[in-house]
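J.: Spelled out from the first residue to the last, the chains are:
There are 2 protein chains.
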Amino acid sequence: MFESAEIGRAIDKATFDTEEPLLREALLEAQYALREQGRFAVIILINGIEGAGKGETVKLLNEWMDPRLIQVSTFDQQTDEELARPAAWRYWRQLPPKGRIGIFFGNWYSQLLHGRVHGELKKEQLSQGIVGALGLEQMLCNEGTLIFKFWFHLSKKQMKARLRSLRDDPLHSWRLSPLDWQQSKTYDKFVRVGEQVLRRTSRDYAPWYIVEGVDACYRSLTVGRILLEGLQAALRDTTRRAPLPHTTPLMTSIDQRSLLDSLDMSLALPKADYREQLTREQARLSRLMRDKRMRRHALVAVFEGNDAAGKGGAIRRVAAALDPRQYRIVPVAAPTEEERAQPYLWRFWRHIPARGKFTVFDRSWYGRVLVERVEGFCEPSDWLRAYGEINDFEEQLSNAGVVLVKFWLAIDQDTQLARFQEREANPVKRFKITEEDWRNREKWPQYRDAVGDMVDRTSTQMAPWTLVEANDKPFARVKVLRTLNDALEMAFAKADKDG
Amino acid sequence: MFESAEIGRAIDKATFDTEEPLLREALLEAQYALREQGRFAVIILINGIEGAGKGETVKLLNEWMDPRLIQVSTFDQQTDEELARPAAWRYWRQLPPKGRIGIFFGNWYSQLLHGRVHGELKKEQLSQGIVGALGLEQMLCNEGTLIFKFWFHLSKKQMKARLRSLRDDPLHSWRLSPLDWQQSKTYDKFVRVGEQVLRRTSRDYAPWYIVEGVDACYRSLTVGRILLEGLQAALRDTTRRAPLPHTTPLMTSIDQRSLLDSLDMSLALPKADYREQLTREQARLSRLMRDKRMRRHALVAVFEGNDAAGKGGAIRRVAAALDPRQYRIVPVAAPTEEERAQPYLWRFWRHIPARGKFTVFDRSWYGRVLVERVEGFCEPSDWLRAYGEINDFEEQLSNAGVVLVKFWLAIDQDTQLARFQEREANPVKRFKITEEDWRNREKWPQYRDAVGDMVDRTSTQMAPWTLVEANDKPFARVKVLRTLNDALEMAFAKADKDG
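These protein sequence lines are chains Y and X, in that order.
Position 2 (the first sequence) corresponds to 2 in UniProt numbering; numbering is contiguous.
Position 439 (the second sequence) corresponds to 439 in UniProt numbering; numbering is contiguous.
So here's chain Y without its partners, still in its complex pose (with noise of 0.2 Å):
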């Protein structure tokens, strides 16, 4: 969920300075546009790791726009009157009127992640206080408030260091943190917690974003752009009452850079290796799928990947290990009829394996924030809501019990115009390949987005994306094999340790 927010985002200054005043001027007139319409209030909260700008931006945020229709509100420790009265209060009494902005610094996230974190909140109080606060939200939203979630994150090297800078700034040492944040428990602790409390509480109507935030120039202009593009939606929709969900783009890369882009495309396995490191890993798995504590769980894989990525061979090989009567490969294409007549995640329940089973789906529900998404196929508000029904259908499958593996296979642009170029010349391959996927490659930057924000809001710790280099196929293969037997053991390990 974080993986793109430690890519070590940044922009130079010099774009920063071009950027800011433009961006400054469009705030301002939104802000003016807000309190003139008067038919919603908008709501900021700010969260994250300490250390990643959150102080930064909201100060930036009062000087770049108009401070008198702006409310700052923290909320550390409850005043008397607070405690004395329901929980909820301290938040109610601070709400912005419409037309007005409200940042929250320190809002219901922080209490629950804070008592969470210090173990003053059991599991079951964090649930409940999740339930809470998407209650509150989408009362809000419904009343006519466009709710903003912003995590700032940095890396545990990223803090640490970020966190010395601090300490050693005469100006800035009075901001420092208490002591624990540097500790690196404290930063697993937090983060671990963050991951479930933002896949709980992305919701169409109010979604989280997540910036990095070690450069402040892409870090400020990333919020704000973000609240730019928000603001400006929902003011042009004038003929509803309440805002909209938010359609603007998930994850605004104005650095240009995506996840992707991080990967190491030339990792590559020689002829030799690759051999004996195939073997292996099948053997592995072959035994894995064997072993007694298999009929506790179930397997499911989901392959996804750029056309040409090499997904058929990669599952070939892991099929190849294995007894037929054990998985079941689900190729998805178009919906048929009877599936057309169902809500979207049927066609892929109906084929869950049961216990002791591997279900591999050649492609899968992330059709509809990928290929539906960009191609139009569906609208976007059921992308939008599909990321949290998706965070909620997988967290179903791990709680059953069922070890989910996804991968995406990456190639870069040459290599699949090459492969394209060998499949159309050899007459073996050329069903392969059709008018359609010459036409996919051209929207190679909006499916580069699409996978970004894909990785970004369902990578989960229940259900963590790979991201794999397969410009080399021996490596990408071998890759796959060494994942998915890695997640079997480490759930097998988890299970004996549970008891």
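Chain X is nowhere near these chain Y residues, computed Cβ spacing over 12 Å in every case: (1) Asp17; (2) Glu29; (3) Glu63; (4) Pro67; (5) Ile254; (6) Ala272; (7) Arg293; (8) Pro445; (9) Pro474; (10) Glu489; (11) Asp498.
Derived, one-sided and incomplete: chain Y residues facing chain X with beta-carbon distance under 10 Å: (12) Pro97; (13) Ser381; (14) Gly388.
Please keep in mind that the hints were generated in silico from the structure rather than gathered at the bench.
If you're wondering where the values come from, they're calculated on a predicted model, not measured in any experiment.
By construction, the Cβ of each residue, glycine as well, lies at the ideal position given by its N, Cα and C atoms.
Based on these hints, arrange chain X on the given structure of chain Y.
T.: Structure of chain X alone, referenced to chain Y:
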């Protein structure tokens, strides 16, 4: 929540025989239109008390409509296949396709209810299950499913009588439910858990309909009508891909009876008794409010009622018992400009008392489902979702130790007329009566329905409605005071017990 399904609703056989063929024809027509449009599916959930006519109703629906387009699913013991997969799989595989009706008899709610009643589910697991059910239903609605949730109800007395008569009837005895239903403990638990589940899962997109089950004619016609109106509304609205939230009347009182009609409006208190009881209850309230245990609680009283029902007088008798520093009276009229710029509940949240204090709301947040509903001051979607929002709100208050007492002061139309005329004749009281009062009076039936729905949907264990027979002012005033005192005493006793 079940109040108005325990008043012995019935219609005579002759009416039934006249209405049935018409209803039947209309239902069939709607069913074919549903198939024709193929735009959405229908799911009917059947739940409730044993012996309340669940099975008979399902049978009847199959007789009335074309059974080839209805698919009845029962979910008893899980099969081996189901046990080997995530819990929701069994429901997914039975989903009706678009254009069809699926009746789910023994669904996710039955599992939750039975699990909790028989102690197999912990409180937290029930909460998790409720969240899961809501998530599933919301997704289904978004994907084009119209969901009807029926709760067939019997009072404890009715249930016992019904089970007895079934047992004695050789034709029906095979239908006899497990013996433990005849134990009143199971009934009490089931109804308590049921109320909690219904309260949390009655949402605008999938509300519960509570149907009194004693009289077969009433029960059948009620279910048929709700289905028909819901279906027709969804079929009409062809601009939307998915059906609208339900906008059918929440409670079709086809027997022309309502909870309010079941009050004994002749109740009265002789003058001497009044003096004595008033003094006693006022002293009791004064003592309770000074009780040390009050420091851990707050008290909120809501006064709603017909115009001229005597709210003001009752409130004055309450206030007379108290130290003015301890209570506050909040008269609720049209919202101010500042209040209109906020979410609906904001203007009530701001007046929530601190611990140790008492707030009297002279009219309240129930305005949304009373005057705003009847006068059309808000959209149907607003007041339909308000029931759930209000229950959430009151749950938050209750969890924070707020004792919540809600009064509906009921008078009959003759009494109201007499009081209006008296007010007009009396120069001191003339200010109390306006043109609006006379206009409201013309909407007596609409208000009666709105009050019935309100009580059905928001009278809960944590915040029950007290209907006050207010034709006789002395009687009403004493009942109000006594109810407040009983509620406080109960809360103190509970707190003592919980330590």
